[in-house]
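Protein chains in written order, with the working numbering: chain A, 59 to 523; chain B, 59 to 523.
If you're looking for bench data, these hints aren't it; they were derived computationally from the structure.
Being a predicted model, the structure only gives us computed values, none of them experimental.
Among the clues, some could well be false.
Which copy? The list can't say, so a pair holds if one copy fits it or any two copies do.
As a list, the in silico DSSO-like pairs of lysine-lysine whose alpha-carbon atoms are at most 27 Å apart [claimed, not checked]:
id	residue 1	residue 2
1	Lys440	Lys379
2	Lys301	Lys423
3	Lys233	Lys438
4	Lys72	Lys354
5	Lys520	Lys233
6	Lys160	Lys243
7	Lys470	Lys379
8	Lys380	Lys470
9	Lys510	Lys452
10	Lys134	Lys243
11	Lys355	Lys379
12	Lys72	Lys134
13	Lys243	Lys72
There are 2 protein chains.
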Amino acid sequence: MTAPNIETIVSLAKRRGFVFPASEIYGGLGSSWDYGSLGVELANNIKQSWWRWLVYERDDIEGLDSSIIQNRLVWKYSGHETTFSDPLVDCRACKGRFRQDKLHDVKCPNEPSACAGSGKECDLTEAREFNLMFKTTVGAIASEDDESALAYLRPETAQGIFINFANVLNTSRRKLPFGIAQIGKAFRNEVTPGNFIFRTREFEQMEMEYFCQAEDAPRIHQEFIDGFQRWFQSIGISAANLKLYEQSKEELAHYSERTVDILYRFFPERADENAQFDELMGIANRTDFDLKTHSKKPEDAEGKRLNSDSTEDLSYFDEAKKERFYPYVIEPSAGVNRTILAVLMDAYTEKTNNKGETRVILKLKPELAPIKVAVLPLAKNKPEIVALAKQIKKDLQPAMRAVYDDTGGIGKLYARQDEIGTPFCVTIDHESLEDDAVTVRDRDTWEQERVKISELKGYLQKRLS
Amino acid sequence: MTAPNIETIVSLAKRRGFVFPASEIYGGLGSSWDYGSLGVELANNIKQSWWRWLVYERDDIEGLDSSIIQNRLVWKYSGHETTFSDPLVDCRACKGRFRQDKLHDVKCPNEPSACAGSGKECDLTEAREFNLMFKTTVGAIASEDDESALAYLRPETAQGIFINFANVLNTSRRKLPFGIAQIGKAFRNEVTPGNFIFRTREFEQMEMEYFCQAEDAPRIHQEFIDGFQRWFQSIGISAANLKLYEQSKEELAHYSERTVDILYRFFPERADENAQFDELMGIANRTDFDLKTHSKKPEDAEGKRLNSDSTEDLSYFDEAKKERFYPYVIEPSAGVNRTILAVLMDAYTEKTNNKGETRVILKLKPELAPIKVAVLPLAKNKPEIVALAKQIKKDLQPAMRAVYDDTGGIGKLYARQDEIGTPFCVTIDHESLEDDAVTVRDRDTWEQERVKISELKGYLQKRLS
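Work the whole structure out from these sequences, hints included.
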């Protein structure tokens, strides 16, 4: 089973320390979220799984970590300064501000039952384009209006990869095809963020730009579409909650030849099945737009898109073909936060215990679980038991994330570990002092097994892998 | 030995793909840097070592990952809005802008040999305070002057911890003493960034706030001062290049009772030994300032510092003592980027080969090395050798970061792996196809040993640990 809706996850996440509202003690900051001690581990495990799968296990992808604030010219030539915007309308009656293309999703404040723009009193202005990039100024400048110091917070990590193409190519001595992967924060000044961590102004991306010959691009594109569906399933997302969406010609970004989105069933409570799904990841064939646009004075077919600011030509010389050209780019781009949400929703399970009470179990894949094993003393007031439990935690730690917990009775501790997705609990009791064995409890089956302390690490490693 | 100066590291870092100038193809962006495929691995290894040491191996520290953009009120009550500034002066003659307290470090553009402010033509204005926080605006607002939408990029991760104190306390059920650790980006609009990645406007912090009773604070403070010196040594920084600096009463931040900096010898080329050292990390006893200032209407001794904006009281109730109070905070705060620089400088070694040529070896601790083992085919044109090498890389990968490399002759490949700090090279030759063995070469001694392929993983794991 999966969570019935996002609200169930919001509540669990706050209660157990996965995600908190940001700036909560000051009334928050419109759909901003902080990650608690379990959330940061889950996020790191997802990021590491993605990185391992692409950068470590394959032999054709390099990593990168570029700056959030880059020279403004990056965003001029990427097209973001002119085209990265949403159409905004103001309402003269309620003073509200809305995205024109999302009016039906927003309620009119004056008419609670009506969508914005459709109420009796609604009096909308013409739409104007609102750029989604956060602006700031760099350096000590004379006035805030000084355009020379204007900079943006990156709205995507991708451009940091394109502008470093030559640096990576030269230092890695790669030949086509190869990719550059990056994980990092991005910022979009969304007019209507919401749905918990689904759409936030500050978020984290996992992006990879794969450079190849034009003729290989369609095949490689399809391979990543197939591959990432497998990857999402490998981290515990069920195939039944994933769906592909082929963008229509009208929806495609100007640089894209083909884009396929991987959707997840984020809204299972909606009656219309199509409306249950929303974007988890996009995989685009960006053609040769990116390297061309950032190259010194390249001309496209119509002789346009001159770039006199760039100091580099980012074309590639193919030694076998004796040919120089701009590589095509396949871009699989996923959100860390949406992946966290999908993983939590898919792992959410309710189970009835023998007293007829409903318990929550988070059936996370062991690889993603924030804690792999919790070591629990059955009697907190017995120093030998506590000491043994702490020693066992210490011995397990180098091999797997282990915690020691004595903050409640054993039933409560089990319930807590089930809710946060810990695959195994190890209980140290009075007998442990005699028989050098402990009880290992399985999160999903609640079955218990007695295991010798000397064999515990190997036993757990085997069951966790 | 260590690097003779930072410039040596800048050159190595660019040449081998650790660090590149950010936005380089657009002329850069004043002391901004991007991390290449080796730099991102080194940074991740440093961060993971810090995190493992604090969060995993101890039993008293929780992790956190809070937002970069928080409610503006966080920075009002932390004091950053009013006090986080540098004194700036303008020169009417050269139109330059300088930090008043660093004038002697900057050359006057009109008088190349003179310090700014000391030249004949220098005509400085009175100093004015320049706030170092980057500003931005959140949401779609009517005008850029709309104060209600003003927000800052965090200049430190610490405040994200303080404002989440109650959330973490409640979900983790901790009792004093305990800590909250966070790693993340921070931004300071420095007037004079520089010295490579030593001082940049965008940087990454590793901070931990340790909450305790007032009477335990001095002892715990000293324990972290001692502990972090050991940690820096554990990641390969030699004790001879570390030094403690006790801040004087005049230098202490207003909230601090005692602050000790750990300095590193970043500038070994300077004649004055004191000038060779600069800050790597600060460890402060912040008293009870932070939780008090963010608490709803707390009064200090003078009845000041009312906070009517906060919705929470962040005091702590001690059940044993039946007492409510604001915990003291010990803060060890280190920069990821400065740690990278110190690690690279300390690992830098030159060695003369038997032809009398000088070679660079980066003697990184295996734990920090971006690549643990490079698998190299001796003959690239022999398909069986290439296939065997790729298979060996694949078999090693789950246990250790391994790469396959065939982009040069074996001498060049060894030299490259030495320069990027790879502890071991594994060479597959013609004989390997017969005797099922490979040659393992040690980075530091250049000694070679023949090892059975079936024993290779265990052999390397043992030598890497």
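| task | Can you give me the call for lysine 134 and lysine 243, within, between, both or neither, at a CA distance of at most 27 Å? | result | Both ways: lysine 134 and lysine 243 sit 20 Å apart in one copy and 25 Å across, limit 27 Å.
| message | At most 27 Å between CA atoms: does that hold for lysine 243 and lysine 72 within a copy, between copies, both, or neither? | response | both (22 Å within a copy, 24 Å between copies)
| query | Can you tell me if lysine 380 and lysine 470 fall within 27 Å by alpha carbon in one copy, between copies, both or neither? | reply | For lysine 380 and lysine 470, the Cα distance is within 27 Å only across copies (25 Å; inside one copy 69 Å).
| field | Homo-oligomer pair classification [lysine 452, lysine 510; C-alpha up to 27 Å] | value | Intra 16 Å, inter 34 Å, cutoff 27 Å: intra-copy only.
| request: Can you give me the call for lysine 301 and lysine 423, within, between, both or neither, at a CA distance of at most 27 Å? | output: Only inside one copy: lysine 301 and lysine 423 sit 21 Å apart there, 45 Å across copies, limit 27 Å.
| request: Please work out whether the CA atoms of lysine 355 and lysine 379 approach to 27 Å or closer within one copy, between two copies, in both situations, or in neither? | output: This pair counts as within: shortest intra-copy Cα distance 24 Å, inter-copy 73 Å.
| 27 Å Cα threshold - placement of lysine 134 relative to lysine 72 | Close across copies (26 Å), not inside one copy (40 Å); limit 27 Å.
| task | Check lysine 160 against lysine 243 for me: Cα-Cα at most 27 Å, and say if that holds within a copy, between copies, both or neither. | result | within (25 Å within a copy, 33 Å between copies)
| message | Within a copy, between copies, both or neither: which one fits lysine 520 and lysine 233 at a CA-CA cutoff of 27 Å? | response | Neither: 39 Å inside a copy, 34 Å across copies.
| request: Can you give me the call for lysine 440 and lysine 379, within, between, both or neither, at a CA distance of at most 27 Å? | output: between (75 Å within a copy, 22 Å between copies)
| field | Intra- versus inter-subunit Cα pairing at 27 Å for lysine 72 with lysine 354 | value | Classified as between: cross-chain Cα gap 21 Å, same-chain 50 Å, threshold 27 Å.
| Status of lysine 438 relative to lysine 233 across identical chains (alpha carbons, at most 27 Å) | Answer is between; shortest inter-copy Cα gap is 15 Å, intra-copy 61 Å.
When each numbered hint is compared with the structure, a violation occurs for hint 5 only.
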